[in-house]
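Participant: Residues in the sequence shown are numbered consecutively from 4, following the working numbering.
Warning: the hint list may mix true and false statements.
Unchecked claim - Cut-off 16 Å, straight-line C-alpha distance, at most; resulting in silico cross-link-like pairs (EDC-like, lysine to aspartate or glutamate):
hint, residue 1, residue 2
1, K34, D22
2, K34, D73
3, K34, E113
Derived from the structure by calculation, the hints contain no laboratory data.
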Amino acid sequence: MLAGRLNVTTRTFAVEEVDVPEPGPGEVLVKVAAAGVCLSDVHLIEGMLRPLYLQGDTVTLGHEVAGTVDRLGEGVTGPRPGDRVLLQAGEERDGVVHTRGVDYDGGWAEYALATVDTLVPIPDDLPFDQACFIPDAVSTPWAAIVATAEVRPAEAVGVWGVGGLGAHGVQLLRLVGAYPILAFDPLDAARQRALAFGADLALDPADPDLPAKVRAATSGLGLRAAFDFAGVPPVREQAAACLGPGGRLVLVGLTDKPLSLADGTRFSYLQQQIRGHYGSAAEHVVQLVDLVRGHRLDLTRSVSGTFPLAKAAEAVQALESKTGNPIRLILSP
Numbered sequence: 004m005l006a007g008r009l010n011v012t013t014r015t016f017a018v019e020e021v022d023v024p025e026p027g028p029g030e031v032l033v034k035v036a037a038a039g040v041c042l043s044d045v046h047l048i049e050g051m052l053r054p055l056y057l058q059g060d061t062v063t064l065g066h067e068v069a070g071t072v073d074r075l076g077e078g079v080t081g082p083r084p085g086d087r088v089l090l091q092a093g094e095e096r097d098g099v100v101h102t103r104g105v106d107y108d109g110g111w112a113e114y115a116l117a118t119v120d121t122l123v124p125i126p127d128d129l130p131f132d133q134a135c136f137i138p139d140a141v142s143t144p145w146a147a148i149v150a151t152a153e154v155r156p157a158e159a160v161g162v163w164g165v166g167g168l169g170a171h172g173v174q175l176l177r178l179v180g181a182y183p184i185l186a187f188d189p190l191d192a193a194r195q196r197a198l199a200f201g202a203d204l205a206l207d208p209a210d211p212d213l214p215a216k217v218r219a220a221t222s223g224l225g226l227r228a229a230f231d232f233a234g235v236p237p238v239r240e241q242a243a244a245c246l247g248p249g250g251r252l253v254l255v256g257l258t259d260k261p262l263s264l265a266d267g268t269r270f271s272y273l274q275q276q277i278r279g280h281y282g283s284a285a286e287h288v289v290q291l292v293d294l295v296r297g298h299r300l301d302l303t304r305s306v307s308g309t310f311p312l313a314k315a316a317e318a319v320q321a322l323e324s325k326t327g328n329p330i331r332l333i334l335s336p
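The whole structure should be built from the sequences, with the hints applied where relevant.
Facilitator: Given below as C-alpha cells:
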C-alpha cells in the first residue's frame, strides 16, 4: 500500500510502498477514506515538533483519519467490517498518551491500524472528508473552549488566527453562546470567513484603533477569554492586553518561542490567568460527532481542497504557504 512516511532524523518525507499491516489482538485494520493535513504535520516535517515515544526513526503521518473497518484482530468484538468510523487522534499506553501519526503510524496511508477503543462510529450522512478532521481540527478548539477556558454564555471572547483551528473556534464559541465574539487576523479573507462562521466583529491586528474597538465592543470591560490559535508571541501579548478583570488567555497554537507580558503588575492586579492547552480528550470527539448527528454543527464549509495520497507533499506545501487560505486540506487514498 502507499503511505506518507517521515524520517524524523533526516526530516525526509516521501510517499512510498509499504506492507499492509496485520491487526493484532485488540486491533482493527481500517481502510482509510480520508485523512486531514494539519499544521502539526508541517511542524513535524520541519522538525519543530519531535515525537516523544516513537520507536525507530520513521513514522506514517496523519492523526486525522476516517474510513471503514476492514479486518478485526483477535478478540475484537463490536465493530464489523464495513462500519464507518473515525479514529481518535491518540491512545493511552502504560498511562501515557501517544499521538497517532507522531508516536506510532497514522492515517496518511491506504490502511491504518487502530486499537478497538479508539474507533468512533459516525453517521451515514457524515462524509468521510468532514469526519476525519473532527479529532484535532474541531476537537482541539472545542476542548479549549469548554474545558480549558470554561467559557460561559454571554462572555466576551477573542480569537486570534482564523485558520484551521480558529475558524472552528469561532463556530464553536457561537454554539456555546459566547457574546460578543471578536476575531483577529491580518488576512482580509480570514476576517470575512470569521464573520461568516459567526464572529460579531473581525479586526486586523495591525489596526491602530484595535484597543478602543475592543473596549467599545465589550462595553469597556475587555475580554473574558482570549484564544491564541496562531502560536505567535506578538499575538499573545496583544491578546493579554485585551483581557478584562479575571480574563483568561488560552494558548492553543504551538510555538517554541518565549512567552512574555508587557505589564506583569497589571496582569496580577486584574487577577488574570494564562492557561496552556493541547489537544482534546476522547469524550470531546464523541460530543462533536453527536452534535453533527443532531445537526447542531455543520462542517461542510471546512473542506478547502482534496489531494490524492500520492501528492501529499503538495498538500503540505499548500498548507505551509497558506495557498487559498485553507481551513482543512484532505488526502484521499
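Participant: None of the hints should be skipped; say for each whether it holds.
Facilitator: Hints, verified against the model:
no. : hint          : verdict
1   : K34 with D22  : 14 Å, holds
2   : K34 with D73  : 6 Å, holds
3   : K34 with E113 : 6 Å, holds
In summary, the structure agrees with every hint in the numbered list given earlier.
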